[in-house]
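Starting from the known structure of chain A, arrange chain B on it as the hints suggest.
The primary structure of each chain is shown beneath.
Number of protein chains: 2
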Amino acid sequence: MAVTRRAFLTRIGQLGGYGAAFTFMQQLGLLPAMGVTHEQAKLRKVPGNGATVVILGGGIAGLISAYELGRLGYRCTLLEARDRVGGRNWTVRRGVKIEFTDGFTQNCEWEEGNYQNFGPGRLPSIHTTMLGYCRELNIPLEVEVNTSRCTLLQSDKLNGGAAVEQRRMINDTRGHVSELLAKSINKGALDQDLTSEDKERMLTFLREYGDLSHDFLFKGTDRSGFKIPPGAGKEDPTAIDPLPMHALLDADLWQGLLSEDAIDWQATMFQPVGGMDLIPKAFAKQLGDVIRYQADVQKIRHDHEGVTVTYLDCKTGQTVTIKADYCICNIPLPVLQTIDADFAPDVREVIAAGAYDSSSKIAWESRRFWEQDYNIYGGISYLRQPVEIVWYPSARMFTPTGIIVGGYADNESGTPFGDLRTVEAKISASRQAIELLHPGHGKELTRPLYVNWGKIPYALGGWLSDYSGKSIQRLLEPDGRIYFAGDYTSHLSGWQEGAALSAYRSMNQIGIEVEKKRPDPPFSSSAALS
Amino acid sequence: MAVTRRAFLTRIGQLGGYGAAFTFMQQLGLLPAMGVTHEQAKLRKVPGNGATVVILGGGIAGLISAYELGRLGYRCTLLEARDRVGGRNWTVRRGVKIEFTDGFTQNCEWEEGNYQNFGPGRLPSIHTTMLGYCRELNIPLEVEVNTSRCTLLQSDKLNGGAAVEQRRMINDTRGHVSELLAKSINKGALDQDLTSEDKERMLTFLREYGDLSHDFLFKGTDRSGFKIPPGAGKEDPTAIDPLPMHALLDADLWQGLLSEDAIDWQATMFQPVGGMDLIPKAFAKQLGDVIRYQADVQKIRHDHEGVTVTYLDCKTGQTVTIKADYCICNIPLPVLQTIDADFAPDVREVIAAGAYDSSSKIAWESRRFWEQDYNIYGGISYLRQPVEIVWYPSARMFTPTGIIVGGYADNESGTPFGDLRTVEAKISASRQAIELLHPGHGKELTRPLYVNWGKIPYALGGWLSDYSGKSIQRLLEPDGRIYFAGDYTSHLSGWQEGAALSAYRSMNQIGIEVEKKRPDPPFSSSAALS
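Sequence lines, in order, name chains A and B.
Per the UniProt record's numbering, the first sequence starts with residue 1, numbered consecutively.
Per the UniProt record's numbering, the second sequence starts with residue 1, numbered consecutively.
So that you can see chain A by itself, here it is in the shape it has in the complex (with noise of 0.2 Å):
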């Protein structure tokens, strides 16, 4: 008896979503056997008829469902508390007023061109679905230098307190890792472990890997700089001296340092040219009047045959109800726990219990010191301070002035840095890192603006605190016809990338059930998965 397409689907959607469905695909040879996802795959295109979606939340998850499910001919309506669209995915420029929910207000006043985007700043080339659309909607994209080893390193603890280059840090410890390792097997330490073939392919390979000299010592190595430069004259150069490797190890900037290498943070990144926000302008444009804006959700009624939402129009102070079919809820927990909403018990329960992070950023306008005198070009500094962070910028390099960020706080509480019980010392803290690490150069920041998530009306925090989505798990099953879509509900918490496949999610829940409604064709398999 031919498999109904409906008990296939179900019977995916049950596997648990694109772990499952991967697996199957490449099974099937539908996808390259390689490492990354490839989720615009994973959109089922199942017509609308249209069916009424109200979607909660102007994020770039409820974006992608309006914009796919608008193209599938389901009738959507997309709600947004703000007269903008992105949720965290916001620009700040000129002009731009930052409000925080204890009424303290900062106003942008950087030149024309200059931006900081204080949410997410970085596409990296493997979340495919977000390059995807950056090129179906024609935004143009830059690359987002990540990793730059002119960028440098502070510890009190380290170098006097003076700052190294990263490719110090980084170079010097591979050499000290590879001569010790050299000497362990010379020892004969790991004869149970290797074959004298591999003893002696270890070796010859420790020597390159670690630039170690002939007899496996490690004396510095030209790749963390040097003492004599290559120049044109008689002198041979010379490697500057290595770091004892008990100094890196006192210098605890290990946690910092390695964050290049998460696969996340791995080159090749990109950026939106002229701001991340560019993807959720450009979303806005294609939905229309799909979108409404101000509009602040007060109310979410459900049952068997659909959602009624209502919410306050801000701009004309109207309270308007709305009906549809299905709704997508895309409001952060920490706002949806003030909402009005006759959840299941199990769901509240889920949502109460949401704690976000309160995330933050500082940034500066000033002369671009840090390329005309440092040569460092984009890239991430590290501090074992209060400040542990300063990002260059990738934008507008070579230009006169740019936006370098000294402060980006994954999260606040609890931290020496969140412990500055005030917006002066924060930003104080920020300017005194940058000096720390350019001498110098602390006077020439301007115009600061400090953005911290949790303070941010409507956003109320960074991302979920739990990364590991355990503690959502119920959610990314729906409540009765209401869906949850978000970064939050994907392995992907805090990246765009994540917001966007728990939309396809969520679109594909409701595809199965309007094809429940459908009469029921035979299965094929060619077929389910058009």
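Note that these hints are calculated values from the structure, not bench results.
Just so you know, not all the hints are guaranteed correct.
The list treats identical chains as interchangeable, and a pair is accepted whether it falls inside one copy or across any two copies.
[To be verified] In silico BS3-like cross-links for lysine-lysine, where the CA-CA straight-line distance does not exceed 25 Å: (1) K516 / K45; (2) K199 / K187; (3) K516 / K234; (4) K219 / K234; (5) K315 / K285; (6) K183 / K199; (7) K285 / K97; (8) K219 / K199; (9) K299 / K315; (10) K315 / K157; (11) K157 / K199; (12) K45 / K234; (13) K97 / K281.
Just chain B now, kept in the frame of chain A:
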């Protein structure tokens, strides 16, 4: 007694160039104490007072010499054999003809906008002299992605000959090395070398560095990719299985892969937007009729009063003689060997012995399958095949077609690639290599062009074979009034920065001679370095 300026400067010159000057200036606090070149400080601005200079060859060293000396009041004439300047800085576009010394001719028919730099293709951010000229001449630069973790590695001895992503090799290797070192430490093998405190800290560090399990084993890392990628379903992402260390050693790919750690290949790297030859073109525009094109030098004579150069004006067929007070010779040694010159015997000997590598590149025009199907944006793949390198373009990412380099031989002589007897065989090997990395895509490659610098007239080689500089040390000093400039007279052979530094050296040496002819003012240290 006050040291005369002349004596002081002579002493600096005698110290052998930039190494000594750099240290000296560091001590005077004139330079940040960093391991990179700061060469702009090293061109002494000595007025020429109308002294005449004939410059032979319009490579980067010749162009910079003419440009700077002209600004200092010298009267320069630059003789360039070709109808273009730049030397090996050569960008091929639609309409350009490539002619070899044996008569073999190729015509470039690529689409408008596509190009290939067949000589230098990279500008490191630490090559501050060249970057300085790009700023000064308003040459727009873009990031040249030299390292991209989505690139591939292929060895018949690894993974059944199927290419693996670079990120796997890099990160799995580090995992294995970390595990082996942790094992050695835990066995007590390094108890003589590490304090017990350092042992503990090393172990903690190695666990992060190699992404080891709690018990210090390397079981794979998601830095290398995924078996189950992170999605928006219930399944947790799972790291890709690690490649075994002995397979990584078998693969023997490290020589290629470690190239990215050379200081001159480290991020951030640049290239001019639209082609490297924007640099010589910009100089040419500034120099105007200082440059005589198609001036093929035939004869060089010199004495204590000046230099006489005879050249063939290829446009008219006339022989022309020009006299000057000084000469800067920027002709590559293999070409200089063919010119009738009255060099001193020791100089003649060095020139005659100068051997150059036959370096080559092959470039194709193609749909950007590497971007669209492999997420590869810039960067380099490595193979253990006759063609060892595939280099992906950083120019015009996300456009439909691009130029991909399949094969970049440092020196063809004595290599499997060089042993391929015909151009067709080399081009075929290039296509095969790209096919090995990207199965099914070899057929998309079109319009191949092959440049072997050993066969290019007026070059006759890629760069000096002996990089140590020792073989040409005699040429760091003039022969009478003839000064030798070019990358081959620097410790940055093969780099435009080396050419620039060599030009500064020659100009500084000429400056000393010009000053000797002037009355001798008392010396003050601040004036010495102006």
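Checked hints:
no., hint, result
1, K516 / K45, "within (15 Å within a copy, 83 Å between copies)"
2, K199 / K187, "both (11 Å within a copy, 17 Å between copies)"
3, K516 / K234, "between (81 Å within a copy, 23 Å between copies)"
4, K219 / K234, "within (23 Å within a copy, 50 Å between copies)"
5, K315 / K285, "within (20 Å within a copy, 59 Å between copies)"
6, K183 / K199, "both (11 Å within a copy, 15 Å between copies)"
7, K285 / K97, "within (23 Å within a copy, 47 Å between copies)"
8, K219 / K199, "both (22 Å within a copy, 21 Å between copies)"
9, K299 / K315, "within (18 Å within a copy, 85 Å between copies)"
10, K315 / K157, "neither (56 Å within a copy, 67 Å between copies)"
11, K157 / K199, "between (36 Å within a copy, 18 Å between copies)"
12, K45 / K234, "between (69 Å within a copy, 22 Å between copies)"
13, K97 / K281, "within (18 Å within a copy, 46 Å between copies)"
Checked against the numbered hints given earlier, this structure breaks only hint 10.
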